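Q: When you get a sec, could you build the whole thing from the sequences and use the hints?
There are 2 protein chains.
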Amino acid sequence: MKPLLRYQGDFQWEGVPVGPYKAEGTHFRGVTRQTLLGPDAGLRCELRYFEIEPNGHSTLERHDHAHAVVIFRGAGRVLVGAEIFDVRPFDLVRIGPQTWHQFRSAPGAPLGFFCLVDCARDRPVQPTRAELGALRTDSQIAAFIRT
Amino acid sequence: MKPLLRYQGDFQWEGVPVGPYKAEGTHFRGVTRQTLLGPDAGLRCELRYFEIEPNGHSTLERHDHAHAVVIFRGAGRVLVGAEIFDVRPFDLVRIGPQTWHQFRSAPGAPLGFFCLVDCARDRPVQPTRAELGALRTDSQIAAFIRT
Chain A
188 MKPLLRYQGD FQWEGVPVGP YKAEGTHFRG VTRQTLLGPD AGLRCELRYF
238 EIEPNGHSTL ERHDHAHAVV IFRGAGRVLV GAEIFDVRPF DLVRIGPQTW
288 HQFRSAPGAP LGFFCLVDCA RDRPVQPTRA ELGALRTDSQ IAAFIRT
Chain B
188 MKPLLRYQGD FQWEGVPVGP YKAEGTHFRG VTRQTLLGPD AGLRCELRYF
238 EIEPNGHSTL ERHDHAHAVV IFRGAGRVLV GAEIFDVRPF DLVRIGPQTW
288 HQFRSAPGAP LGFFCLVDCA RDRPVQPTRA ELGALRTDSQ IAAFIRT
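For the protein sequence lines, the chains are A and B, in the order given.
In terms of my numbering, the first sequence is residues 188 to 334.
In terms of my numbering, the second sequence is residues 188 to 334.
Treat the hints with caution; some may be incorrect.
Identical chains share a label here; the pair holds if one copy fits it or two copies do between them.
Said to hold, decoys possible - Straight-line Cα separation of at most 20 Å, DMTMM-like style, residue types lysine to aspartate or glutamate; simulated pairs:
(1) K189 x E270
(2) K189 x E240
(3) K189 x D273
(4) K209 x D309
(5) K189 x E211
(6) K189 x D251
I should point out that these hints are in silico values taken from the structure, not numbers from a laboratory.
In this text the structure is predicted, and so the values were computed from the model without any measurement.
A: Listed below in structure tokens is the structure:
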């Protein structure tokens, strides 16, 4: 393992490929992934850098494992549970177990963020039709979410 | 747990106290700590922000657990094993088990970095006199280290 992964500017790191956020799906838009620390790094967490192009969004989902995110670039909004927050660089977002969450970039700016998760974790799930209905009873959440 | 820890500018986060790097010791100089994610955040790693004032240094130490660091501010140099690297913002430094390491800020700049470690980890140890002697057989390391 190389001790140093040099930052190259332009939100990329030396030798780290920019890959897809998820293998497939229509429940997200304009998101890339860079794995900065994988399970081979010897920690019990992984560190990824995700970037959402302007007017894009991550998947609306929840899971048992916790997330922690440090915003790194741009601007956007985040749904965490029943709250929607404006976020900007270096804000820290903490997402507890089984908490619905979705990241949206601003119309005119990308949203880049570091995301920290346990190596051992469950798979995210998306809302059922009934769960979506329940989420949409809140008009602000209804206007925010993208599916 | 609040979902959002707002970045306040000036390398500080809302409600996060700036505390000492370690409780005591003369083996470091001018270092502060902010705990951004403690063991209560529900992840198996903790995230801390350390800052070394100009011309300061962290402890020269090693331990069984791995470290990962994202440089956030300023400039400095890092010893990892037998190598010394110049580092600048957003470089990623990976420190494997039982690897001697020390962070030094530049004479004219602080060095701020995020440090990721497992919640369950062993205590760092400093070099014995014999280990220091062995480290100092390399003239570059001898010139770099501070004890």
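Q: A separate judgement is required for each hint: does it hold in the structure or not?
A: Now the hints, each set against the structure:
In this homomeric assembly, K189 and E270 come within 20 Å of each other (Cα to Cα) only across copies, at 11 Å, whereas the closest approach inside a single copy is 40 Å. Taking identical chains as interchangeable, the C-alpha atoms of K189 and E240 are never at most 20 Å apart, the minima being 30 Å within one chain and 27 Å between chains. Taking the shortest Cα distances, K189 and D273 sit within 20 Å of each other only across copies (14 Å), while inside one copy they are farther apart (36 Å). For the identical chains of this complex, K209 and D309 are intra-copy neighbours only, at 15 Å inside a copy versus 35 Å across copies, given an alpha-carbon limit of 20 Å.
For the homomeric pair K189 and E211, neither the shortest alpha-carbon distance inside one copy (31 Å) nor that between copies (32 Å) is at most 20 Å. Proximity of K189 and D251 under a CA criterion of 20 Å is satisfied inter-copy only: 18 Å between copies versus 32 Å inside one chain copy.
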